[in-house]
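Undergrad: Each step along the sequence shown adds one to the number in this note's numbering, with nothing skipped, and position 23 is 23.
Here are the simulated distance ranges between beta carbons: (1) T28 x D8: 29 to 39 angstroms; (2) T4 x I40: 47 to 57 angstroms; (3) E39 x T4: 46 to 56 angstroms; (4) K19 x I40: 24 to 34 angstroms; (5) S38 x T4: 45 to 55 angstroms.
Don't read these hints as lab results, they were simulated from the structure.
Here the structure is a predicted model, which is why all the values come from computation and not from measurement.
By construction, the Cβ of each residue, glycine as well, lies at the ideal position given by its N, Cα and C atoms.
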Amino acid sequence: MRNTLNKDIDMEAMLLALKWSISERVITIYPELKRIISEIGGTY
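Can you build the whole structure from these sequences, using the hints too?
TA: Listed below in structure tokens is the structure:
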């Protein structure tokens, strides 16, 4: 019982860390992405 609880907590922490790193990456890429989209012809 205790072991599975720890596993769940680890999984939760891993997902949170993954989400965090993805959102940080998106924030760094976003301006570049906007520029590329506007070059292609989208108006944002």
